[in-house]
Amino acid sequence: MAIEQLIAGVAGGAAPPAATGRPAAGQGFEQSLGRLVTSVEGTNADANQAVSRMLDGSGDVHDAMIALQRADLTLQFTVQVRNKLVQAYQDIMRMPV
Amino acid sequence: MNEIGDAALVALLRRQMTHAVARQVVAAGNLANIDTPNFRAREVDFDVTLNHAVAGTLVTTHPDHLTAAADAPAGPLTRETAGAPVRRDGNSVQIDRELLAMTDAAGDFARAQTVLAAKFRLVRYALSESR
Amino acid sequence: MSTLNAAIDASASALAAERARIEVAVSNLANAESTRAPDGRPYRRRDVVLSATPVETFDAVLGRAGAIGVAVAGIVEDRAPARQRYEPSHPDADAEGFVSVPNVDPAEEMVDMVSAARAYQANLTAISLVRDLLQRALELGRG
Numbered sequence: 110m111a112i113e114q115l116i117a118g119v120a121g122g123a124a125p126p127a128a129t130g131r132p133a134a135g136q137g138f139e140q141s142l143g144r145l146v147t148s149v150e151g152t153n154a155d156a157n158q159a160v161s162r163m164l165d166g167s168g169d170v171h172d173a174m175i176a177l178q179r180a181d182l183t184l185q186f187t188v189q190v191r192n193k194l195v196q197a198y199q200d201i202m203r204m205p206v
Numbered sequence: 120m121n122e123i124g125d126a127a128l129v130a131l132l133r134r135q136m137t138h139a140v141a142r143q144v145v146a147a148g149n150l151a152n153i154d155t156p157n158f159r160a161r162e163v164d165f166d167v168t169l170n171h172a173v174a175g176t177l178v179t180t181h182p183d184h185l186t187a188a189a190d191a192p193a194g195p196l197t198r199e200t201a202g203a204p205v206r207r208d209g210n211s212v213q214i215d216r217e218l219l220a221m222t223d224a225a226g227d228f229a230r231a232q233t234v235l236a237a238k239f240r241l242v243r244y245a246l247s248e249s250r
Numbered sequence: 015m016s017t018l019n020a021a022i023d024a025s026a027s028a029l030a031a032e033r034a035r036i037e038v039a040v041s042n043l044a045n046a047e048s049t050r051a052p053d054g055r056p057y058r059r060r061d062v063v064l065s066a067t068p069v070e071t072f073d074a075v076l077g078r079a080g081a082i083g084v085a086v087a088g089i090v091e092d093r094a095p096a097r098q099r100y101e102p103s104h105p106d107a108d109a110e111g112f113v114s115v116p117n118v119d120p121a122e123e124m125v126d127m128v129s130a131a132r133a134y135q136a137n138l139t140a141i142s143l144v145r146d147l148l149q150r151a152l153e154l155g156r157g
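As they're listed, the protein sequences go chains E, L and W. Okay, so the first sequence: first residue is 110 according to the numbering used here, each after it adds one. Okay, so the second sequence: first residue is 120 according to the numbering used here, each after it adds one. Okay, so the third sequence: first residue is 15 according to the numbering used here, each after it adds one.
In case anyone wonders, no lab produced these hints; they're calculated from the structure. A virtual CB, placed ideally from N, CA and C, is assigned to each residue, including glycine. Any given hint could turn out to be false.
[To be verified] From the derived model, a few chain L residues whose C-beta atoms are all more than 12 Å from chain W: (1) G124; (2) D125; (3) A130; (4) L131; (5) A141; (6) A147; (7) R159; (8) A201; (9) A203; (10) P204; (11) N210; (12) E217; (13) L218; (14) A225; (15) A231; (16) R243.
[To be verified] Quick list of the computed label-pair ranges, beta carbon to beta carbon: (17) S41/W with A237/L: 54 to 62 Å; (18) Q135/W with P204/L: 19 to 27 Å; (19) E199/L with E37/W: 51 to 59 Å; (20) P204/L with S41/W: 54 to 62 Å; (21) Q199/E with A127/L: 46 to 54 Å; (22) G124/L with G88/W: 36 to 44 Å; (23) D223/L with G88/W: 51 to 59 Å; (24) E37/W with A127/L: 48 to 56 Å; (25) E199/L with V188/E: 24 to 32 Å; (26) S247/L with A154/E: 41 to 49 Å; (27) P102/W with P204/L: 31 to 39 Å; (28) Q136/E with A237/L: 17 to 25 Å; (29) R33/W with R250/L: 22 to 30 Å.
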């Protein structure tokens with residue numbers, strides 16, 4: 110499933126640690142989530158800016174619409190990745206050490 | 120969402136839409152002034168606009184440019200349409216030419232918008248399928 | 015809401031301007047034979063003076079391409095001298111039998127009227143085209 114590949118990419122160096130134990134897994138996931146949240150904040154801010162530019166007449170409507178879509182999709186993606194990460198984390202925690 | 124490929128595509132489609140909007144606005148202005156004495160038909164200055172898009176920032180080497188706010192996106196500039204026949208009142212606007220330009224611009228915008236909307240739908244679908 | 019709305023303003027200004035041209039042409043035609051207007055003199059043909067007017071937008075302030083509309087700068091009287099027509103039987107004929115008639119050429123007024131009507135129609139079309147574009151742009155924000 111594509112989303113698992115994306116998670117692997119997002120998580121960067123944090124491989125699911127069967128042997129190394131909990132701390133490494135926690136750090137990697139935290140960083141990934143942090144990065145994703147930053148991108149959500151970024152696209153949200155862009156959308157706000159684009160919409161206010163549209164309203165005061167200095168920006169185009171389609172620019173605002175695109176910004177809104179990107180913000181929405183980035184948020185949805187982030188929420189999904191977060192859910193998957195949490196699920197994976199919980200699965201790992203349940204593994205017999 | 121594959122950021123690299125998608126970002127370039129979105130940027131291209133966005134530029135196409137912005138260009139179409141600029142052409143529409145300029146054509147509407149020409150039509151409004153079809154009976155204004157000595158008014159010459161204008162068109163979007165494609166070369167300057169292209170330079171803006173490539174540079175990604177407001178190019179300040181052109182004498183017509185004003186200093187703009189750092190975050191203001193570069194807008195299209197216009198020039199007088201070359202070779203347009205001038206009537207006795209000094210006006211060079213032709214109704215049919217401008218209406219055609221507006222219809223073309225509308226078509227280009229619709230095309231880009233359709234593709235972009237489909238792209239967004241696709242991503243949304245992928246997200247919903249992977250839940 | 016962006017230059018598209020400014021474009022609609024520009025087209026709307028043209029509607030007003032062309033309507034003024036039609037009204038003036040109609041007035042000229044109606045008074046083509048008025049040898050005695052309210053001020054006692056023969057009717058003087060009128061003309062609408064148009065001037066290009068940029069629509070006030072943020073873009074315009076920045077110096078970028080905005081929408082250029084049109085404004086009626088004024089309605090002026092044609093300064094050409096009244097025409098003289100030999101018609102001794104006319105109540106307003108002078109001592110030599112000449113009447114000062116308005117300098118209105120009906121054919122010219124008709125041409126002006128038709129061209130103004132055509133321009134009016136074209137700007138109406140422009141407004142609907144711009145509105146369509148706006149709607150299309152908004153669709154991008156949906157679902």
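Hint check results:
no.: 1; hint: G124; verdict: holds (20 Å)
no.: 2; hint: D125; verdict: holds (15 Å)
no.: 3; hint: A130; verdict: holds (15 Å)
no.: 4; hint: L131; verdict: holds (15 Å)
no.: 5; hint: A141; verdict: violated (6 Å)
no.: 6; hint: A147; verdict: violated (4 Å)
no.: 7; hint: R159; verdict: violated (10 Å)
no.: 8; hint: A201; verdict: holds (17 Å)
no.: 9; hint: A203; verdict: holds (15 Å)
no.: 10; hint: P204; verdict: holds (16 Å)
no.: 11; hint: N210; verdict: violated (10 Å)
no.: 12; hint: E217; verdict: violated (8 Å)
no.: 13; hint: L218; verdict: violated (6 Å)
no.: 14; hint: A225; verdict: violated (6 Å)
no.: 15; hint: A231; verdict: violated (10 Å)
no.: 16; hint: R243; verdict: violated (8 Å)
no.: 17; hint: S41/W with A237/L: 54 to 62 Å; verdict: holds (55 Å)
no.: 18; hint: Q135/W with P204/L: 19 to 27 Å; verdict: holds (22 Å)
no.: 19; hint: E199/L with E37/W: 51 to 59 Å; verdict: violated (31 Å)
no.: 20; hint: P204/L with S41/W: 54 to 62 Å; verdict: violated (31 Å)
no.: 21; hint: Q199/E with A127/L: 46 to 54 Å; verdict: violated (37 Å)
no.: 22; hint: G124/L with G88/W: 36 to 44 Å; verdict: violated (58 Å)
no.: 23; hint: D223/L with G88/W: 51 to 59 Å; verdict: violated (36 Å)
no.: 24; hint: E37/W with A127/L: 48 to 56 Å; verdict: holds (54 Å)
no.: 25; hint: E199/L with V188/E: 24 to 32 Å; verdict: violated (52 Å)
no.: 26; hint: S247/L with A154/E: 41 to 49 Å; verdict: violated (26 Å)
no.: 27; hint: P102/W with P204/L: 31 to 39 Å; verdict: violated (48 Å)
no.: 28; hint: Q136/E with A237/L: 17 to 25 Å; verdict: violated (39 Å)
no.: 29; hint: R33/W with R250/L: 22 to 30 Å; verdict: violated (58 Å)
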